[in-house]
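There are 2 protein chains.
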Amino acid sequence: MANIAIMGFGTVGAGVAEVARMNHDSIAANLGEEVNVKYILDVRDFPDSPYAAKMIKDFSIIENDPEVDVVVETIGGARVALDFTRRALQAGKHVVTSNKELVATYGRELLEIAKEKNVNYLFEASVGGGIPLLRPLFQCLAANQIEEIAGILNGTTNYILTRMVKGGVSFAEALKEAQAKGYAEADPTADVEGIDAGRKICILSDLAWGKEVKPAEVSMEGISALDLKDVDIAASAGYRVKLLGHAMRMEDGKVAAYVAPHLVSQDNPIATVDDVFNAVMIRGNAVGDVMFYGRGAGDLPTASAVMGDVLDVIEHRTKRRNIGWSEGACLADIKELSMRWYLRGEFSAEAARKECGEAEELAPGAVITAPMKEADAKAAAAALGACAVLRVL
Amino acid sequence: MANIAIMGFGTVGAGVAEVARMNHDSIAANLGEEVNVKYILDVRDFPDSPYAAKMIKDFSIIENDPEVDVVVETIGGARVALDFTRRALQAGKHVVTSNKELVATYGRELLEIAKEKNVNYLFEASVGGGIPLLRPLFQCLAANQIEEIAGILNGTTNYILTRMVKGGVSFAEALKEAQAKGYAEADPTADVEGIDAGRKICILSDLAWGKEVKPAEVSMEGISALDLKDVDIAASAGYRVKLLGHAMRMEDGKVAAYVAPHLVSQDNPIATVDDVFNAVMIRGNAVGDVMFYGRGAGDLPTASAVMGDVLDVIEHRTKRRNIGWSEGACLADIKELSMRWYLRGEFSAEAARKECGEAEELAPGAVITAPMKEADAKAAAAALGACAVLRVL
Chain F
72 MANIAIMGFG TVGAGVAEVA RMNHDSIAAN LGEEVNVKYI LDVRDFPDSP
122 YAAKMIKDFS IIENDPEVDV VVETIGGARV ALDFTRRALQ AGKHVVTSNK
172 ELVATYGREL LEIAKEKNVN YLFEASVGGG IPLLRPLFQC LAANQIEEIA
222 GILNGTTNYI LTRMVKGGVS FAEALKEAQA KGYAEADPTA DVEGIDAGRK
272 ICILSDLAWG KEVKPAEVSM EGISALDLKD VDIAASAGYR VKLLGHAMRM
322 EDGKVAAYVA PHLVSQDNPI ATVDDVFNAV MIRGNAVGDV MFYGRGAGDL
372 PTASAVMGDV LDVIEHRTKR RNIGWSEGAC LADIKELSMR WYLRGEFSAE
422 AARKECGEAE ELAPGAVITA PMKEADAKAA AAALGACAVL RVL
Chain Z
72 MANIAIMGFG TVGAGVAEVA RMNHDSIAAN LGEEVNVKYI LDVRDFPDSP
122 YAAKMIKDFS IIENDPEVDV VVETIGGARV ALDFTRRALQ AGKHVVTSNK
172 ELVATYGREL LEIAKEKNVN YLFEASVGGG IPLLRPLFQC LAANQIEEIA
222 GILNGTTNYI LTRMVKGGVS FAEALKEAQA KGYAEADPTA DVEGIDAGRK
272 ICILSDLAWG KEVKPAEVSM EGISALDLKD VDIAASAGYR VKLLGHAMRM
322 EDGKVAAYVA PHLVSQDNPI ATVDDVFNAV MIRGNAVGDV MFYGRGAGDL
372 PTASAVMGDV LDVIEHRTKR RNIGWSEGAC LADIKELSMR WYLRGEFSAE
422 AARKECGEAE ELAPGAVITA PMKEADAKAA AAALGACAVL RVL
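Just so you know, the protein sequences line up as chains F and Z, in that order. If you use this note's numbering, the first sequence corresponds to residues 72 to 464, in order. If you use this note's numbering, the second sequence corresponds to residues 72 to 464, in order.
Excised from the complex, chain F in its bound form (with noise of 0.2 Å):
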């Protein structure tokens, strides 16, 4: 029998606990041996809980129990969580996390305690939620050279911008709407803001090009500026508006990395991922592209990303996974990427094109620019005198 403590009685936290919970025997069979949830901490009381009798209150029962094998951290944050973490690492636990603000920010350190202590330390619930995402990135490609990826990181806004083409609302309505049912905070401004997807792109480009990404240096723009007309415009022309976290890797070496809303044409698979939904697109040197869809958050399908690592950890409890990252990714500065962009005004199809090349005119007073840099953009749409100005896919 395996023991594991869940630290966080929150929607994962939970879902972590039901999952071992209703599908207890059919792990048990997978792997050959039973998985216990010893122990719950949480600082709040949950008498009626059905767990009522796992609760504990003191971190240290469960840093000092030789019984507990795996340690799942669904806090969130970087306060408590950190302190927590790094104990249970030092303690020689395996720590299993869906905290994606911890990973990006401290992940390397905390790899770097788990590789000293040969324990894991796995995070695939932290981007992407259910999808499997990061191993299959890690393992499956691990022949391949990554060249880029783009993805739809972040539910909440992806729901909003679904909600604004089909629906035709406003982002303030569409937000209203999320936050009534739940898929927004009451404060929405990770989610709207790009800094959730920020989080995430950088774990995805920590793992893919093996060195750190600070979230702190990557530009993250989200979609409360967008207006209602733009994401119109695109759709009758063929396009969806999608809240990207993209990152490639340049002939230099260097990675770019950043969040912001694009343009992508619906021949791109994914254009046509609506709702809640996240898929995030690979592209491997030998394998082209390849893409993963799935549910980006909730409480069952990101314990299903937390469970599959935990079975992971017990099944090698005595192997340690080689994955880390280390100091210090030159990035590139993301004005330098050649891009086309989405611009809109008053202004004439000739303009545009005397402006910015060849430009394919979506609507009257509406075009898509030739590949430029982000300044050439910004000169081209100063001198048009545009209002909106966006990057394409």
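Be a bit skeptical, because a hint or two may be false.
One copy or two, it doesn't matter: identical chains are merged, so the pair holds either way.
Straight-line C-alpha distance at most 25 Å; calculated DSS-like pairs for lysine-lysine [unchecked claim]:
1) Lys186 / Lys282
2) Lys390 / Lys188
3) Lys390 / Lys186
4) Lys188 / Lys444
These aren't lab readings, by the way, just hints derived from the structure by calculation. Values in this document were obtained by computation on a predicted structure and should not be read as measured data.
Please build the complex by placing chain Z on the supplied structure of chain F, with the hints as guidance.
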């Protein structure tokens, strides 16, 4: 340094050699050791190949060389490949393959030998080419009970269907185009009659439910009898015709598995998968629906999956992956499945409703029925004089 031997220098075997060459340095950096192709076994002569010095014709050289860690089997078929795989495993070598025919038919036996000898027999490349699919299924989703799998598992037929819907050409013409492009073989039977997809749905079912599903017991219907008219009617009504491998766990614990063309609603991400791409949707009781998408064939994509397995084996030389399946899946009679059906003929919407319940009219004389069993659908079709009957996902 790890030594591998490649058996079979066809498209995939040559792709494996090429990936090992072009990504030699990044693989060595990832793995912490070099991967060397020591032998390439083939009955043919390749005097001008850069690998001429590695070419051998005698399998016993591989069998008896203690320096060979991993044998890559890309011979195909189930004759020589079966003999050499058995002997390589018996000799204590790990074996990695892309050979779906062998895995679907002899996988259980070969995995048993591997278990006895404490070596790995891995076959990620046998389903979905380069798409990470089997490892995510048996590892990342291990905490789920798998409920259903539906996928476009054959790129050749998906190319043909894409040409029919987008090019307006008949099955026969689209097949000729596919042959001209090298996507279809001179004898296209295994592809167009659903046999290739059938082997793959068997492998997926074996892994998902742990019991052997034999290709000989699975109903396989291809696309050679498909009428362009039905493809067109479906497209106009928001459906795409796709050849799907489909498997599900029934309430009584039996497994239903078959291959057949289906109408798929355009709201389903599988419907938008075109050309030679593959996509597989897996439904788990915790994760919900996840989808995996990419190139299902081709030298480098398939080699990417083969090499991913090779690297995994090398990294965990002493640790066997605990995969396998036992004898005797209890197969459900697919005639007992209740599903919606597409019927076309010279009948009125009222007549269709009388025969098939709440039918959805796609066009005059073309309806989708309420869910019903195959016998009832065929009886209704006979009563209506329908000339086309297709399943609806």
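Outcome of the hint check:
1. Lys186 / Lys282: within (16 Å within a copy, 37 Å between copies)
2. Lys390 / Lys188: Answer is both: 12 Å inside a copy and 20 Å across each meet the 25 Å cutoff.
3. Lys390 / Lys186: Result: close both inside a copy and across copies, 11 Å intra and 19 Å inter.
4. Lys188 / Lys444: neither (46 Å within a copy, 58 Å between copies)
Checked against the numbered hints listed earlier, the structure breaks hint 4 alone; every other hint is satisfied.
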